Amino acid sequence: MENIETKLREEAKRLLLEKKVDVIIGYEKGTLPLTATPCFVTTPEEADNLVWNHLCTQNPVKFVHDLITQHKNAQKRVKPEDRKKKVIGVVARGCATRSLIIQLQERQYERADVYIIGVPCEGYVDGKALKSAIGGVDITEGSIDGDQIKMKTSDGDKAVALKDVLAASCRTCRFNNPIISDTMVGSPAAAMNPDAEYNEVKEFEGKTVEERWAYYSKEMEKCIRCNACRQACPSCYCPTCFAEQSQPQWVGIGEDKTDTQVFQLMRLYHMVGRCVDCGSCVAVCPMGVDLRKFLKKIDKDGWELFGNRAGSSMDDMPPLGKYDEHHDKEDFVFNP
Amino acid sequence: MAENLASKEWEPKIVAIVCNWCTYAGADLAGISRIQYPTNVRIIRVPCTGRINPFYIVKALQDGADGVLVSG
Amino acid sequence: MVKDNEKVGAVMVVGSGIAGIQASLDLANSGMKVYVVENEISIGGVMAQLDKTFPTNDCSACILSPKLVEVGRHPNVVIKTRRTVESVEGEPGKFKVKLTSAPRYVDLDKCTGCGDCEKVCPISVKSTFNGNLSERKAIYRHFPQAIPSGFAIDKLGTSPCKAQCPTHISVQGYVALIAEGKFKEALKLIKQDNPFPIVCGRVCNHPCETACMRGKVDEAIDIMHLKRFVADLDLNGDTRYLPEKKESKGRKVAVVGAGPSGLTCAYYLAIEGYDVEVFESLPVAGGWLAVGIPEYRLPKNVLNAEIQVIKDLGVKIHLNTRIGTDISFDQLKSDYSAIFIGCGTMKSSKLNIPGEDMAGVIHGVDYLMRINLGEKVSLGDRVAVIGGGNVAMDAVRTAVRTGSKNVFILYRRTRAEMPASPEEIEEAIEEGIEMKFLVAPKRVVGKDGKVTGIECTRMELGEPDASGRRRPVEIKGSEFIIECDAIVPAIGQEADLSFITKESGVSINKWNNVDFDAVTFATNIPGIFTGGDVSTGPQTVVKAVFSGKEAAKSIDRYLRGEDMKTGREKDWNKDLADKADISSVPKVSREKYPHMKPEERKTSFQEVGIGFSEAQAIAEANRCLACGICSECYQCVDVCLAKAIDHDMTVEEETIEVGAVIASPGFEIFDARQRGEYGYGIYKNVVTALQFERILSASGPYFGHVQRISDGKEPKKVAFIQCVGSRDVSCDNSWCSSVCCMYATKEAIIGKEHAKGLEPTIFYMDIRAHGKDFDRFVTRAKEEYGIRYIRSMPSTIKELQQTNNLLIKYVNQDGSLTEEEFDMVVLSVGLMPPKDAKKLSASLGIELEEHGFCKTSLENPVQTSRPGVFVCGAFGGPKDIPETVMEASAAAACAEGMLSSRRGTLITPPDVPEEKDLRGQGVRTGVFVCHCGINIGGVVDVPAVRDYAATLPTVVYTADNLFTCSQDTAVKMAEVIEEKNLTRVVVASCSPRTHEGLFQENCEKAGLNRYLFEMANIRDQNSWVHMHEPEKATEKAKDLLRMAVAKAQYLKPLKPGQLAVNHQALIIGGGLAGMTAALSLADQGFASFIVEKEDRLGGNYNHLYKTLEGLDTRSHLKGLLEKIYNNPLITVVTSSQIKKIDGFIGNYKTTVETKEGEKIFEHGVVLVAIGAYENQPKEYLYGQNTKVKTQRELEVLLYEKDPKLAAVKKVVMIQCVGSRDKERPYCSRYCCSEAIKNALELKAANPSRDITIIYRDIRTFAFKEDYYKKAREANIKFISYEENRKPEVLASGDKVEVRVFDPILNESVTLPADIVALSVGVVPNPENAAIGNMLKVPTNQDGFFLEAHVKLRPVDFATDGVFMCGMSHSPKFSDESITQANAAVSRACLVLSLDFIEAEGKTAYVNKDRCSACGLCEINCPYSAIEVDVKEACAAVNTVLCKGCGVCTASCRMNAVDLNGFNNEEVLAQIYNIN
Amino acid sequence: MARRKFATLKSFLNYIGVEGDRTIFTWVSASEGDRFAQVIKGVTAKVRALGPANKLVKKFG
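Chains as they are written, first to last, in the numbering used here: chain E, 1 to 336; chain S, 1 to 72; chain H, 1 to 1475; chain W, 1 to 61.
Just chain E, same shape as in the assembly (with noise of 0.2 Å):
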């Protein structure tokens, strides 16, 4: 891990120099003990900064999209001829790369305008497991070491398996090495468990129809529209979100309990061929609403129905904007 810190750090720090980069999106400590987050590195003074460890989490793609929008909307006040090229770097683990191909398949940037520094992932620590898994108590500090995460708590120094607080996403994931990437930092990981990867997603198939809806219900009455997931999602990128529209208004704002099943349904909806599992959503949201049921259910269709793993391939089309008549099961047809 150190290893490759330093090697990301000296990366980061060349791309600067040659200018090769404007920025770079990667990870920082957290001001929390045992957290990173997120942070823009301009300078190579800046880039001693980066981290990368099992406690990097949001995926910074979201900030890809977020930057270059803003250096668009920027370039739109200047006169032709003095804009400016931006180049985005991008510390990009596997499910990040996903991200951006979805990025560029929906041809939000072109490829030269990100420079992706990819990393391997062994996978990153559930904060809420975490926590559940010590009881619930505050960490005043804490650190990783080896397989081990040892923390000092309120209620006396605690230590945790690694593997036990891995995020849902990481364990079964099988895209933790970069699928696409400018330059690599470190060896490519050991493989995670994708053969589980929906194992939960079946089982929860396997309930009555009430019982799925009851859970449904449940889950979406703990948000509380505060939109953190949306925020956090790379594949979250509209203008305008449908939720937000008038003219007409999809969902209402209102108190409504439908309305916010509906938000989701069709939040979740969305991700159609573009969810990368992540996991963003899920480690933001404050309600600790059980979303990856839901999508990890849109991606087990998206394979099983079309063959497509969102993000998965460069030379892959948006699921959606075709069809194959030979392929594709009719299964769903209705024959009186």
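Read the hints as simulated data drawn from the structure, not as lab findings. Please note that the accuracy of each hint is not assured.
Said to hold, decoys possible - In silico DSS-like cross-links for lysine-lysine, where the CA-CA straight-line distance does not exceed 30 Å:
{"hint": "1", "chain 1": "E", "residue 1": "LYS300", "chain 2": "W", "residue 2": "LYS46"}
{"hint": "2", "chain 1": "H", "residue 1": "LYS333", "chain 2": "E", "residue 2": "LYS329"}
{"hint": "3", "chain 1": "S", "residue 1": "LYS13", "chain 2": "W", "residue 2": "LYS58"}
All figures in this text were calculated on a predicted structure; none of them were measured in a lab.
Using the hints, position chains S, H and W against chain E.
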């Protein structure tokens, strides 16, 4: 008995969103041929199934449709 | 030559199958006026009958219907159905075409197509549209979506019964109604023409029965007693039928005489609203009916009941009132506005023989009158009645009943000449009355002034007299005396006209009858009319009725001051429906009419006839042959609320001026009965392919369920037999019908899709899958569907009696014989010239070729032998739909080319008033709810829906209309829009698919933007489908209307965009197609640029010397080049490459790299004609051995007369080299014909040459088959091979031989060859993909360009403004390239001829703020109409290209793209309003 | 494309507990009047069997 009565009173309301060139024409033909069928469906005509925003289906359900039929 | 400015900018299209439709649309859309002439009642031809089309299995109706609708609604197209072309005179550019029309009997302007008429029509006939597998009514349309959508009536003419009935009742009509159990309707129909059905149902002489065609089969229908049956039913019913009376006219009419003519006249006058008074001298009404006809034939109470109806209508009858004595005739004249004299002939004619005044001589008339008036008259035991008429019969039978023992008839001729009705004679004989024939009275013998006998003389028959009967001649000296007690002479009657004063001036003729006009029954004095016996001498009741009815019409007209005669003369025998073939009608004997037994009736005056029971009446009525098809029962007229039906329409002639004529009459299918061995028409389960097509159709006779005819069971094993009536010289059809192999394959596949257990087998000679993607289709049939193909022609079919299964016997390839049982057999019947081809060709002045199809030019397959007359479709030879469509467009192009100077001169420009300014108006909705006659109103509570509408938000006006689509409602709608200041209009009626356009036009005419209109479909999708649930249907109608009103408030006024058009064309490729296109464009006045890659024009055509049909292609090419280089409108650049193509329809900018550097062309359309290449074979030692050549190389040797050829004795040709294999699974189409062409040429040069063609299937389709035949006759050998057993070419030293397995010999044979000629086939141009990318148009899996629709848009691309022709589309013959080039030009001219391109109103639009430029819309759009504008970073719609399908909108997560007319707000408004 | 959208939506709705039979997709061609009637009969029967909708429905929410 009571169940029977209740089910008699309730008639499902079904929204059908259909393509102008195929199903809508087929529905017209059913009419021209006087083929009788239940009264529960309310047809919304769109130029092509490709125009049907999946949200329409969700909104129809939220607005109280007991079923939604999409037919191209 | 007609000068350009004298030419007529109109074209007549004769025949309206898909060829005629396509030609019409191309012409009309490019500014020509079009007249579509069709024999049938609707357009669409055979394609409308098809279920699916190959090879895509598209639904035929789905793809055809939009075209039908477009033609039907096109302002520049006039559809003329039921028309025949009689002659075409004049010159190209200015023809006069004479047409005759057969009446349709339905006014298409009024008919709403509701189908109410069809429901009440009692006449069912076989539906030819459904292959005679189901029935339709005499009033009908072929299919519900037919255009014109109105109905039509089939009439073969007037049925003989109606024609011969003196009063012309619709006899067939009431018989048909009786057969349907509609007795009341039948009576009403009779009473329209005869108020005396009770009487005429008993005592009519019924000439109808004499005329009845059934009489020629077995016995006539018992029409009279059917009439009695319904009349009695009415008589005994609770309420009598009383016709509706018109409002009183306040005028008085006097009728003299209450006999049948007078009372009839009174009846019809009373209905018309006149006050009628009848004066009768006798104490009873009825005239002869009352006092002449005896009780046992016509009971008095029954007669009185009939007369009571007339009284109930308000007619006053003054009995015992004799004109002349009680009231003077002149008094009558002054008191009444008109007089009808119908006093009959109540005076007996005298015998004028000695002794006539003796007691015991009582004249028949007096005798019957006295008896009928209740007097007892005793005649004694022996009574001689003299005469052979009905009065004689009545007298003689009355005498029997009054107790006379020995009663006989004396008649001077024989029974055959007796004028009395046969029944009466028969009944009299039954009653024991003796008839003494050929006897004439000479003298009454008596004693004391009282009769004791009569002296008679014997007669014999001589020459016929004026009446046609043989004149009796006295045999001298044959006198004899017959003893008798009384003599009743019944030989005639006369009128008593003493009351008519001289002063009145009424003319009386020499027979003492009142003179009258035969049509109007008017006398010489205005206001005085006559009828019945008094005018004609003694006649029948029904004739008296007729005269009374006609006189009533005259009196009405007279009193209204109208001309009495206009339109009344009619020759009823002119269109007699008596020509039908009745040879195969099964015999059914007449129902026995029940009588009283003779012994019982002899002693009583009780009525003899008892009358039919209901079952008998229905059975008897069902014997009717429906000679006229339509029975003229007028049920349709009654039920038609739109008043669209007019049974009096007649044949009309008209002459139309046009500049050109296009003949597209299509084809006739082969009559399979000619191939008797297949049992068609005899074995039930043998059907034609077209019948099977109908069986497959969801709207066919069995609703798409595959079933056998014999028992309705689903068949398992179905055999298709190919080439029935094709490639068959035994029935004179030498040609190949081109389409059968494919349609059989299609039907087999679809059949299997409909009935999973189906096991189709196709028996064939060669599988001719020579079209684009056809071989793939056949492969799929074999591999995916498991359809069995057997190369063998069955010799016979036998039907197995028990099962109706069919036993097919066929020879296998190895010569063995197989017998196999099938459940059903489908005959793949061939295509024949249209039935009336000869007559049509004579009318059009064009020649036919040897097979009877239209003769066409080798240089231009759509040119007939007459300049200015073009042909397209199967009339020019059997062909498939895409070729037909191409020819249609090509013919249109040729016609347009001739008339380009007159483009746009005869079309009607749309008249669109200024639009209302809606700013600040808010939403003000007007709702119109339609009853559609009873179609909606009969189920839905329309007033309740209307009232409900008034409660909806934004609604400010509501109305309900009988027919919202009628012209008067349109006017009203416009007024309301104005008056109520409506800004939205919602109509709840039928389907927007059929009527939206009409209502939108109404809005537009009222100044309201057409897009501010919305419809609720409460008929087709409500009242028609919920007929038994009126309450729920009403609720649903409210819901649908609420949804429509809710949507309407969001509608926006739309102004379709316009785009200027550059009028030049770019043609990529200068081969035959490109050159033809350039010249055709120039004919139409459009400039073009040809960009050719090679250093010279001509392409593949440079390598051809002659076509199979004999066109000298060298000189053709030379001519083309000359024309091209001399045409100022054509710019040619050779050795050039396209670099870049920017823009879209109407506005392209293309960069071309030429020898002289880069050039930029600006143009409005692109024609892709980049051709294809000859395959370079790698197999069969090609390139390694000089004796192995391609056909093209052989052709050079042949036509350049290479001396090396002289030594060539043995030639082996190998077909399908590089075609129909794994790598190129398509057929190259022309190779078989080219091989045969070269083989024939080689043989012609040296008949001793040994030539063998090794082939897989010989695909010499259409007339090319004749050359295949010629080749076999010339002893050219053919050996077939399978793909997995290809021949081998072996070389040793300078010898070459070909080894191949001969399936007939069942062994390998080795053929030495001096030349091995390889038919190498075609490969697509490798640049197709690159050019396709530049134009954003696709190629298919084989690499050829993919057209917009393989059947109906064969030269278009899905992207507007880009067209293709020639081999870039698929392999084809040179003449096909020419046609396709012309077709592409026709399509291109639709764009080039416009000044502006109008966009669709309902197109997509982008809300820029929401767009993230993700490009998903661009990927999804099938028309390349939306693209991300990179600079703007958002998507932009090209409204000209946009077809409004909305696919982009649903793909947009941001909802940035939306669709006018169906935008999210509008759709959601509907969704929100479902409850 | 449309069919993919509906296939996923239907599957997803079912997954979250909205009965699959409430959202039905099919094809009816212009010539299939009878099929249309059969579809309506079939759909109505299926929805009737499920009873009134009570999930996602605002009025019950």
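We went through each hint and held it up to the structure:
1. E:LYS300 x W:LYS46: OK: E:LYS300 and W:LYS46 at ~27 Å, within 30 Å.
2. H:LYS333 x E:LYS329: violated, 93 Å
3. S:LYS13 x W:LYS58: holds, 15 Å
The structure does not agree with numbered hint 2 stated previously, though it agrees with all others.
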